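Undergrad: Chains as they are written, first to last, in UniProt numbering: chain Y, 1 to 256; chain P, 1 to 256; chain W, 1 to 256; chain A, 1 to 256; chain B, 1 to 256; chain F, 1 to 256; chain E, 1 to 256; chain X, 1 to 256.
Derived from the structure by calculation, the hints contain no laboratory data.
Since the model is a prediction, treat every value here as computed from it, not as a measurement.
There's no promise every hint is true.
[Stated by the list, open to error] In silico EDC-like cross-links for lysine to aspartate or glutamate, where the CA-CA straight-line distance does not exceed 20 Å:
(1) A:K17 - Y:E7
(2) P:K103 - A:E57
(3) A:K103 - E:D76
(4) P:K87 - P:D37
(5) E:K103 - X:D169
(6) Y:K103 - F:E73
(7) F:K251 - X:D169
Protein chains: 8
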Amino acid sequence: MKRHELERLAKHYRAGKVTLADFCAQVLQPTSEQLSDTTLDVDRARRCGFPEVVFGEGKSVETIVEIFRKQQEHGDKSLATRIDAAKGAALKEALPAGIYHEKGRTFRMPNDEPTWGNVGLVTAGTSDLPVAEEARETLRWMGIEPVFIQDVGVAGPHRFGEQVHKLSDADAVIVVAGMEGALPSVAGGHLACPVIAVPTSVGYGASFQGVAALLGMLNSCASNVTVVNIDAGFKGAYLAGLISLRVLQAKSQPES
Amino acid sequence: MKRHELERLAKHYRAGKVTLADFCAQVLQPTSEQLSDTTLDVDRARRCGFPEVVFGEGKSVETIVEIFRKQQEHGDKSLATRIDAAKGAALKEALPAGIYHEKGRTFRMPNDEPTWGNVGLVTAGTSDLPVAEEARETLRWMGIEPVFIQDVGVAGPHRFGEQVHKLSDADAVIVVAGMEGALPSVAGGHLACPVIAVPTSVGYGASFQGVAALLGMLNSCASNVTVVNIDAGFKGAYLAGLISLRVLQAKSQPES
Amino acid sequence: MKRHELERLAKHYRAGKVTLADFCAQVLQPTSEQLSDTTLDVDRARRCGFPEVVFGEGKSVETIVEIFRKQQEHGDKSLATRIDAAKGAALKEALPAGIYHEKGRTFRMPNDEPTWGNVGLVTAGTSDLPVAEEARETLRWMGIEPVFIQDVGVAGPHRFGEQVHKLSDADAVIVVAGMEGALPSVAGGHLACPVIAVPTSVGYGASFQGVAALLGMLNSCASNVTVVNIDAGFKGAYLAGLISLRVLQAKSQPES
Amino acid sequence: MKRHELERLAKHYRAGKVTLADFCAQVLQPTSEQLSDTTLDVDRARRCGFPEVVFGEGKSVETIVEIFRKQQEHGDKSLATRIDAAKGAALKEALPAGIYHEKGRTFRMPNDEPTWGNVGLVTAGTSDLPVAEEARETLRWMGIEPVFIQDVGVAGPHRFGEQVHKLSDADAVIVVAGMEGALPSVAGGHLACPVIAVPTSVGYGASFQGVAALLGMLNSCASNVTVVNIDAGFKGAYLAGLISLRVLQAKSQPES
Amino acid sequence: MKRHELERLAKHYRAGKVTLADFCAQVLQPTSEQLSDTTLDVDRARRCGFPEVVFGEGKSVETIVEIFRKQQEHGDKSLATRIDAAKGAALKEALPAGIYHEKGRTFRMPNDEPTWGNVGLVTAGTSDLPVAEEARETLRWMGIEPVFIQDVGVAGPHRFGEQVHKLSDADAVIVVAGMEGALPSVAGGHLACPVIAVPTSVGYGASFQGVAALLGMLNSCASNVTVVNIDAGFKGAYLAGLISLRVLQAKSQPES
Amino acid sequence: MKRHELERLAKHYRAGKVTLADFCAQVLQPTSEQLSDTTLDVDRARRCGFPEVVFGEGKSVETIVEIFRKQQEHGDKSLATRIDAAKGAALKEALPAGIYHEKGRTFRMPNDEPTWGNVGLVTAGTSDLPVAEEARETLRWMGIEPVFIQDVGVAGPHRFGEQVHKLSDADAVIVVAGMEGALPSVAGGHLACPVIAVPTSVGYGASFQGVAALLGMLNSCASNVTVVNIDAGFKGAYLAGLISLRVLQAKSQPES
Amino acid sequence: MKRHELERLAKHYRAGKVTLADFCAQVLQPTSEQLSDTTLDVDRARRCGFPEVVFGEGKSVETIVEIFRKQQEHGDKSLATRIDAAKGAALKEALPAGIYHEKGRTFRMPNDEPTWGNVGLVTAGTSDLPVAEEARETLRWMGIEPVFIQDVGVAGPHRFGEQVHKLSDADAVIVVAGMEGALPSVAGGHLACPVIAVPTSVGYGASFQGVAALLGMLNSCASNVTVVNIDAGFKGAYLAGLISLRVLQAKSQPES
Amino acid sequence: MKRHELERLAKHYRAGKVTLADFCAQVLQPTSEQLSDTTLDVDRARRCGFPEVVFGEGKSVETIVEIFRKQQEHGDKSLATRIDAAKGAALKEALPAGIYHEKGRTFRMPNDEPTWGNVGLVTAGTSDLPVAEEARETLRWMGIEPVFIQDVGVAGPHRFGEQVHKLSDADAVIVVAGMEGALPSVAGGHLACPVIAVPTSVGYGASFQGVAALLGMLNSCASNVTVVNIDAGFKGAYLAGLISLRVLQAKSQPES
């Protein structure tokens, strides 16, 4: 609570416009709701721009449905990640308005069309697709349809160069790569916007389920590369979406 | 080279406006310059927004001076990181127009005043200061003076909350933390902009020179947290600066 | 054997009150019993406050039943952890007086009601529940019903703050968290009692099955945080229970 | 702020007993103070039982002196750890009332005599002494003189057994050990109170600067063993002191 | 080939007692036999005391039977480890004279009775039994019946002490332990013979499938503890058997 | 595009021999083709000597068939690795001209006979066979039949020595080994050509799925040993094949 | 205390031959002595064959001298390891009867001549010499002069073969090796006695200060290889000495 | 010894052309020489193409001089690596015909001019120069002057492309890179010869002294990339030189 809000509220209370009970409730307002197994953060959208997203692993269908319904009550959009096919089908039955994406393992609602799109999404190989699809669905949930470029890893170094012009206006570019994870560095060397690198667990042997790609990206010699967790398509997309949203808002609120 | 550029150039050549030699030189234009020990990327500012930055470790004063002078010729700004005190003094003597920052171990030129500032810079503890200073000098080199909040780690959880309002308008917030690296998660839970987490090697024992903080940040349960390398103050700042610059540009180029 | 016990016994033997055989048996008394595959420590409750607890993984139902029956003979309570559903059903059939908890994967007997409760038990996320249930059942076996607060991780930093007053009288608080494991640090910053952090294997990618949480907790900047093994709900509870029991005993044995 | 406090304050304000400015200041009270490089948590003792402790590494003498003086103003005791000999001498000169302990590398004030002592402190080997001394000085700062048993590691398994009776009344026992870190397990097998294991970086080769001991302790088969960071003598002591303090308080406030 | 053997052979050849072909064959004698997928080392028993032992994982029943039959031809005993139940049944059918041990997952032949026994075999917990059984079967294959002590881990520290006298004459003692792997250190502290520590993958979380036990054993503060690979019951037994065999031989060949 | 090619093309364009559209298309020629989920590098054979090889894991049969058919159109040979039995059968049905190798898990086409062979292929143990078969099929795809020596690991050190003469003319030798991975060092000590070491994930416990072998090979004291990824039979073969091909070409193009 | 000893003692006490005090003292006999910073295990030689050995790192000259003098009183031999040159000189001055070995960094006394020798000691490279010297001095302290073979690593595989006959009678062979640590496997393949592998920290890069060698040795495919800690020359020697001593004793106590 | 050699020798002996002593000496010929601390492999050049190379770390000047002189006697060239400046000066004084290279830390003799050169040597950054110089000196010792391209890392992705034509005829290309080690993959994508990747310890934080680069290279998606140890400039060069030498020989011995 900011000082000026408190001052106004205090004056109202002194003036008898609010009761003591209401006054206390407002100063000490609870900002979460207690569900069966969950303490839902219903203030998240106000604070952070978007409501709480559900990490689906280890949660029952009942728990997820309860959360989605509560978010609907609050007028919030909903997204759950790491939803396998069986859980996806059950959610679709309980919440027919939602969209399940099998490859990306996401469930989101409502089913709105993306309305803008200054985000790039690039994969190094065909096997990185599931992580990229999680990212794409997350962006769509935020209202963004990304520019999508597939399978342009560094073993064929010209492939990225042939399509890089499609990314020249992007506010942020997500690069999804496994194995040695070199593509974000190359992308970073061509681009003037932030590159959000998403290492994937694609590879074998000394890739250590994505550790090689993660380390490669953290040590990128390109200055504009930042990194999220292994296989974290959701998080890469969320950050790119936040950046693009902020730029969009700036366009409509010009520095006067 | 884009197609329309090539078409125009080809027509000029056909029309005899450019010689064959010039035509070939322009199509195959070299975009780097060969210095004594360095292949300087003189096209970086055009491609990526800012010129090449010098990683000072393992480079001689002569090498760095040669690079800075060449960048000056090209009208580029210069920044070198990881410059110890002795090297800093030698650079200052060779390039009196530059600024050496001892705690941040940076050398930059020219000495322009920062002109705008929508970036937050937060440290968890006093021992994280050198990394934060590297970040601050990088931002200043980009023209930004950040909002700086110090020593508000989670052991005193209210300390961050007391100052978070200073960050409410930031386009991006850099959070520098060692030990368990928990502050970025808490910051992420309060903010609607990207949080760029910089793990530091501050700590002992099972901190493993910053690995604990790095892992903590990569696994942050806050959706808007992204991570750079351990002690990479420069990189955290560079990314935040890129984001803020893009928002600034958007404000002056409103979506009409 | 303490000296005064030995002296008394020696005098009794000298006085002919005990035979040589009995004398030797008592001085060299065996304090374990040899079962089929087990050397049961039947002296544990005397030495350590509570009898031996059975780690159920890799033990057959027969082995566990044999141990429980032997402990019953000695008047000891019994607890087994890491009991899957099939083993749980078989134990319930063999020992109907016991209680099987499916989520917590524990089997305990007898079925006594908890009689006191100054221990807090907190989880960061809904997926940490199985580990928390192992902890809760362990506490109940010790006679304690904990104050239980769920799903208050740091991405919604106010959620813990809203309920922290429930823990103000706790003798010890167990905090169960996966991913970056930041909640114990925040809890430690609010509380004046020991915080026993239990890292869980919840997470993905660079969480490395709980290593990220474990390292975060070991490096906590809060002074009152101590750590047990990954997913060690039992151990966290056992320690908290020991502390609370000691405080309870102190209350009934005032410093006069 | 708790509800009943807020209610009373609101009534006072309504009744004109406090001004609007005072009312707001009290509701939104700042609980930290801004020093040169530090945001000092001056509310720590109220919340957590003891004031903030200074991690001395990477902090200048000036910074530490400034913190100690501010704590003195607030009536708080002060402790700094990881203070090398040079820094220790400088602190002693600036704050003559403080005590510097060279082996333990601590500086504390004021110089009060320990007044009670139900904590055990045990080392496995002579080389673990510096970590044990950090623990002992921390306990003294809390007002406790521990029962100290040295060099009773498991290679001579009877050595611990010969002295274990000295620990029979302890509220908590700190066990400091390097190499394979087996002593806490053995201690845990003899004791009915919490054993706080402090791994040390003593050893060579595959001890990996304390990692072997740390892992050994985390995997202890004794139920009452909990672990802190490598070489974290301070933290081990702080936890043991908190437990013992709580028991002491319970003795003076009997369950009536 | 030793020089005196060569000299004699050369003289025989010169004297016409052996042909050139035989001479060459003997000097260049092949010491392995080529089977379908295997290059069998048929000289191993002469060089190393015992014939080649088959690591069963990833080998077909056919391959193992072929090796056993070839060893039979050479008059060698046979042992295969890591044989699951299905493979064990198939081997038993093909080679009825062999013995399959299900818990130890070994197959050996012929079925001779152990004839001597100065080796100790100790486990820390009941879950370590399969590794201990692999060791016991290996010893039996070498002709040794070990003194077997089970489930005497350090959480009940007196349990080992109660039985240690059974090991007082052992030439070598194998100690099998998981979790923190502390028992070999304690055993080493009681015994005057080599202690061969076998870490097991028993445990969870930060035991990292036996790494914690392995490191603990490598860092043992007891001087007489040596270590083999995780779960390497075979190797621990083989070494103990070699030592005991050498002592047995020495008894029959007194230093005159 | 090389300068002299560009000059000739420019002159042709100026002379009207090529249209502007063709001129641009040739200068900016795309060298990859866009398939459903793949950006196929159709220029690879020209640049690198052999066409793109398909990493089969995580790719559908449809995707692989589409790639193979496109390569056929371009007159390229095809190879896919990591193809399990089910996928292999489906590919065989769709592309009857191809060869599926079950142990090596490869699919290649066309079915040409190897035509030359100066490459050695050696395994340490029978369990390393699947990786060696992947290597052998790769070599055959390149037109090479290797000299194959099996099961000659260092526990029977004479076994390799008995057959090393078969490798005396090899241009490169691939050594496939798991466990401690010592065979490449021994091979390197006997040979004058490059030894390409392929660590396998064969082993248990502290082999860490091939990490022990990998580290052993990287640290080989033999100067002529180089290393590829764990289980990377394909890569080891590809490198050996490239070397041998280059030597073959040199023989037909003598330095005149 | 064994039962028959206790019976005899009890009868003596009953018969009045010993006082109650003496009786208790003998039953509860202390077996360690308390020095300034040390709890010296004066019973070690009786239990384990050799007295306690001092790990010199982190111990002062005073502490070591005090221990040596106390051992002298008890008639025990003394050995300290990890003694740098300065400490060595100081010890030599305080204890002129001792021998300091600079390369091996050991100090031992008294200065007896080794009297027997059936132990082999082999190094892979010249840089492994310091660890080998620690082993050699330890053996001499035990009364053994080893057969010493230097610099016969596997890059020149015949070098070991040329000298292996010198080891044919050894009771145990210590093999000291860094880098990939392959020599113990090769040695194991030639010998019928235990091979005690000592990994050294010699190497660079991915040798990780001896980890590569350690892992190689733990995964040795030779059945008779066991391993001690990195750089643990002392421990390797101690084990080999114990084995050889036991064989020696067996020769003088023939199985009758 | 090959069979036909043995047959001829045997016949000579039978015919009395060689004595028994000579016959035995030749069959059992020693192929190493015993120096003070070294067992010099004087047969290496015959077996492996080049004589033994000295790893200079941990060897005294005397030892190295003794080896070089012995190699001179045998007509072998000499090379020592890891020679610091002080040792380099001492070697230069003792062996004036040798060449010390300060940056590459090598000493070699004799001082012959390189005579051919089909090897490429590429660095990613200026800080990788010392490792590259070790490689260059090794190549010169083998008689090769490499094509050297510096500082063309992927952050300026066009820099490598601009110079790649210089490598089009190379028999092998060495790529030296630190940080994320991405350059070898890009180089591999452009080249038809083997790429030998040398990771360097250049970088900070999560580069872990070259581990990130090493893993990146091992997981390269380019098929023609193989890897040597971190900072192993010598080994990378040795392998490239072997390959190029073999091609050179092939050119002079055409397949007829």
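Undergrad: All hints are to be evaluated individually against the structure, with a verdict given for each.
TA: Structure-based check of all given hints:
1. A:K17 - Y:E7: Between A:K17 and Y:E7 the Cα gap is close to 16 Å, so the pair holds against 20 Å.
2. P:K103 - A:E57: holds, 15 Å
3. A:K103 - E:D76: violated, 31 Å
4. P:K87 - P:D37: holds, 18 Å
5. E:K103 - X:D169: Violated, at about 51 Å.
6. Y:K103 - F:E73: violated, 30 Å
7. F:K251 - X:D169: holds, 16 Å
Hint compliance for this structure: hints 3, 5 and 6 are broken, all remaining hints hold.
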